[in-house]
Amino acid sequence: MNLAAAALCFALICCLSYAGQRLWDARTEPAIGTVTLQATIPYYWRLAITALHGLGAAALAYWGLPESAAERLLRVTPWLVPLVVLPAAIAMLMVP
Amino acid sequence: MSPAEFFLFERLHGHLAVLGLAVLAHPILSLGRPGLSRGTRLSALIAAALLSLSFASGLWIYPPYRALVKPELVREALPLALRFESKEHLAAICLALALGGVGVLLSAGRHPTGRRAARVLFLLSFLVGLLTGALGVFVAAGGQAL
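Protein chains in written order, with the numbering used here: chain G, 1 to 96; chain C, 1001 to 1146.
The hints are simulated quantities; they were obtained by calculation from the structure and are not laboratory data. It is possible that some hints are incorrect.
Quick partial rundown of chain G residues pointing at chain C, CB under 8 angstroms, derived from the structure [claimed, not checked]:
no., residue
1, M1
2, L8
3, F10
4, Y18
5, I41
6, W45
7, G54
8, E71
9, L74
10, R75
11, V81
12, A88
13, A89
14, L93
Ranges between beta-carbon positions, derived for each pair [as the list claims (entries may be wrong)]:
no., chain 1, residue 1, chain 2, residue 2, range
15, C, R1066, G, E67, 16 to 26 angstroms
16, C, A1140, G, L60, 15 to 25 angstroms
17, G, W79, C, E1005, 16 to 26 angstroms
18, G, E67, C, F1138, 25 to 35 angstroms
19, C, P1071, G, A51, 21 to 31 angstroms
20, C, E1005, G, S68, 47 to 57 angstroms
21, C, E1005, G, W24, 28 to 38 angstroms
22, G, R75, C, A1145, 26 to 36 angstroms
23, C, L1146, G, A26, 20 to 30 angstroms
24, C, A1140, G, S68, 22 to 32 angstroms
25, G, V76, C, P1034, 13 to 23 angstroms
26, G, L52, C, G1035, 34 to 44 angstroms
Heads up, the beta-carbon is just placed ideally off N, CA and C, and yes, glycines get one too.
Use the sequences and the hints to build the structure in full.
Given below as C-alpha cells:
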C-alpha cells in the first residue's frame, strides 16, 4: 500500500506545487507581452521544481508512512483528490 | 526548428494528447466493475505513455512557440495567448494525475480501495485533459485565423 500512497502523494503534491508556484510567480512577474527576451523559460523551471517536490513527497510517503496510514490515505482519495485538484485547476484558469 | 516543422510537431502533439485521453476512458469505465483485468492495466499504461509523449513533445516545441507564435498572439489576440498559458498549466496537472493513477493501479490494483483511488485520479486527469484539449483547439483555431 505504501507504493500506492507514494504515487498518490506524487500526483497531489505535483498539482499543489505547480499551482502554488504559478500563483506565487503571478504576484511579481511583469505583464505578458512586456518581456521580449528571457534567458530562461519559467515554465521549464516550474515543471522541474514540481517534479522534485512530487518525487520528494513520494519518497517520504513510501519510506516514512506506516502501512495503516497509507491505507487510510488511499481510502480518503475520492474526496481528497477533487478537493486538491479542482481549486488548483480553477486557479490555473483564473491566473493564466 | 523551421515553421513547417513546428506546425507538424504541434499537430502531432495535439493528436497524441487526444489519443491518450481516448485510451484513458477505458480504465475509467472498466475500474467501475469488480476485479482488475490485464486490459485495464495495459490501457492505463498506454494512456499514461501517450499523455507523457504528448507532454514531452509540447515541452520540445515550447521554445519555437515562444519565438514564432507567442509574440504575434500577444500582440493580436491577448486572450488567446492567456488561454494558451492556462492550457500549459492544466496539461501539467493532467499528466501528474495520470501518472499517479497508473502508480496506484499497478501497486494496489488488486484491492478495491486502490482501484477506487486510481479511478478517481484517472477521472480527474481525464476531465482536466478535456479542458486542456478544448483550450488547445480554441487557441489553435484562433491562431490560424490571425
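Taking the hints in turn, this is what the structure says about them:
no. : hint                                : verdict
1   : M1                                  : 6 angstroms, holds
2   : L8                                  : 6 angstroms, holds
3   : F10                                 : 5 angstroms, holds
4   : Y18                                 : 5 angstroms, holds
5   : I41                                 : 7 angstroms, holds
6   : W45                                 : 12 angstroms, violated
7   : G54                                 : 7 angstroms, holds
8   : E71                                 : 7 angstroms, holds
9   : L74                                 : 5 angstroms, holds
10  : R75                                 : 5 angstroms, holds
11  : V81                                 : 5 angstroms, holds
12  : A88                                 : 6 angstroms, holds
13  : A89                                 : 5 angstroms, holds
14  : L93                                 : 5 angstroms, holds
15  : C:R1066 - G:E67: 16 to 26 angstroms : 47 angstroms, violated
16  : C:A1140 - G:L60: 15 to 25 angstroms : 40 angstroms, violated
17  : G:W79 - C:E1005: 16 to 26 angstroms : 45 angstroms, violated
18  : G:E67 - C:F1138: 25 to 35 angstroms : 46 angstroms, violated
19  : C:P1071 - G:A51: 21 to 31 angstroms : 29 angstroms, holds
20  : C:E1005 - G:S68: 47 to 57 angstroms : 53 angstroms, holds
21  : C:E1005 - G:W24: 28 to 38 angstroms : 35 angstroms, holds
22  : G:R75 - C:A1145: 26 to 36 angstroms : 49 angstroms, violated
23  : C:L1146 - G:A26: 20 to 30 angstroms : 26 angstroms, holds
24  : C:A1140 - G:S68: 22 to 32 angstroms : 49 angstroms, violated
25  : G:V76 - C:P1034: 13 to 23 angstroms : 21 angstroms, holds
26  : G:L52 - C:G1035: 34 to 44 angstroms : 37 angstroms, holds
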